[in-house]
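Just so you know, the protein sequences line up as chains V and E, in that order.
Okay, so the first sequence: first residue is 20 according to the working numbering, each after it adds one.
Okay, so the second sequence: first residue is 49 according to the working numbering, each after it adds one.
It should be emphasised that the hints constitute simulated quantities derived from the structure, not laboratory data.
On a predicted model such as this, the values are computed, not experimentally measured, just so you know.
Keep in mind that the hints are not guaranteed to be accurate.
Listing some non-contacts, in silico: residues in chain E with all C-beta distances to chain V over 10 Å [stated by the list, open to error]:
#1 Ile57
#2 Leu67
#3 Tyr73
#4 Gln119
#5 Gly142
#6 Gly156
#7 Gln157
Below are the DMTMM-like pairs computed for lysine to aspartate or glutamate, each with C-alpha atoms no more than 25 Å apart in a straight line [said to hold, decoys possible]:
#8 E:Lys97 - V:Glu34
#9 E:Lys97 - V:Glu81
#10 E:Lys116 - V:Glu121
#11 V:Lys33 - V:Asp73
#12 E:Lys97 - V:Glu88
#13 E:Lys109 - V:Glu120
#14 V:Lys102 - V:Glu121
#15 E:Lys116 - V:Glu120
Stretch by stretch, here's where chain E covers chain V in the computed footprint (C-beta under 8 Å, at least three residues) [claimed, not checked]:
#16 90-104
#17 125-132
In this text, a Cβ means the ideal position worked out from N, Cα and C, and glycines have one as well.
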Amino acid sequence: DGGITQSPKYLFRKEGQNVTLSCEQNLNHDAMYWYRQDPGQGLRLIYYSQIVNDFQKGDIAEGYSVSREKKESFPLTVTSAQKNPTAFYLCASSMRTSGREEQYFGPGTRLTVT
Amino acid sequence: AQSVTQPDIHITVSEGASLELRCNYSYGATPYLFWYVQSPGQGLQLLLKYFSGDTLVQGIKGFEAEFKRSQSSFNLRKPSVHWSDAAEYFCAVGARVGGTSYGKLTFGQGTILTVHP
Chain V
20 DGGITQSPKY LFRKEGQNVT LSCEQNLNHD AMYWYRQDPG QGLRLIYYSQ IVNDFQKGDI
80 AEGYSVSREK KESFPLTVTS AQKNPTAFYL CASSMRTSGR EEQYFGPGTR LTVT
Chain E
49 AQSVTQPDIH ITVSEGASLE LRCNYSYGAT PYLFWYVQSP GQGLQLLLKY FSGDTLVQGI
109 KGFEAEFKRS QSSFNLRKPS VHWSDAAEYF CAVGARVGGT SYGKLTFGQG TILTVHP
C-alpha cells in the first residue's frame, strides 16, 4: 500500500534539545514538504524539496533544518533555536512542485517541548 | 503573493441540512484550487481540485465546489450533511513562487464543521 509514514505520532522533548521527525514515502514522488499546524493558523510551509539533495526554505524555516539524501526520505530537525516548537507537524509529497499537483499527506507528528 | 481566506472559523449544521463553506483567494493569474479535509489528529485528505474547464467540480464523499472568477471564490458545498462529515476543512491555492519553476500550496486558516444529530 503506497503512502506516507511519519514517526512517531507523539514526541516529547525537553527545551534546548534538538529533535528529528521522520517522513518516508513510497509513492515515488519527486517533491516533499514539511508543514507546521497550529490551532487557527492553518498550515504553514517550513521547507520543501523538489529533488534529491536540493531543498528550499518555506515561509517559516527559522529554527528548522532538513536533508534530502534519498528520494523516499525527508527528515525534519527541530533545533533548539526554534522559539516555539510545540505544534503538529505534517509531511506531504507530490509528483512535482508546479503548484498544480495534489499533495498527499502523512498522519502527522505531534511534538511537545517542555 | 497568493493568499486564501476562509471567513468562517466554525460552522454548525444539523445532520441532513445543506452545507456551504466559503473560500476566497487572491492570485493574479488563474489559480489551481483545492479543498482538503482533516479529522482530528490526522493528516489531510483531498476532497476535490480545480485546474481549468468546468467551474463546477465534483469531489469525493458527495462534495462539490464552484469556481467563480468574478468573486475570487471557490466555495465548497454538500446538499445533505452526515455526522461523519464533522472535521476541519481547508481551502488551498497552488501557484508558482515568483519567477522560479517551483510551486507551492497556500492554505486558508480552516473551517471547523460540527454536525448536530
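Taking the hints in turn, this is what the structure says about them:
no., hint, result
1, Ile57, "7 Å, violated"
2, Leu67, "20 Å, holds"
3, Tyr73, "13 Å, holds"
4, Gln119, "21 Å, holds"
5, Gly142, "4 Å, violated"
6, Gly156, "6 Å, violated"
7, Gln157, "4 Å, violated"
8, E:Lys97 - V:Glu34, "40 Å, violated"
9, E:Lys97 - V:Glu81, "31 Å, violated"
10, E:Lys116 - V:Glu121, "21 Å, holds"
11, V:Lys33 - V:Asp73, "30 Å, violated"
12, E:Lys97 - V:Glu88, "31 Å, violated"
13, E:Lys109 - V:Glu120, "21 Å, holds"
14, V:Lys102 - V:Glu121, "31 Å, violated"
15, E:Lys116 - V:Glu120, "21 Å, holds"
16, 90-104, "violated (count 0)"
17, 125-132, "holds (count 4)"
The structure does not agree with the numbered hints 1, 5, 6, 7, 8, 9, 11, 12, 14, 16 stated previously, though it agrees with the rest.
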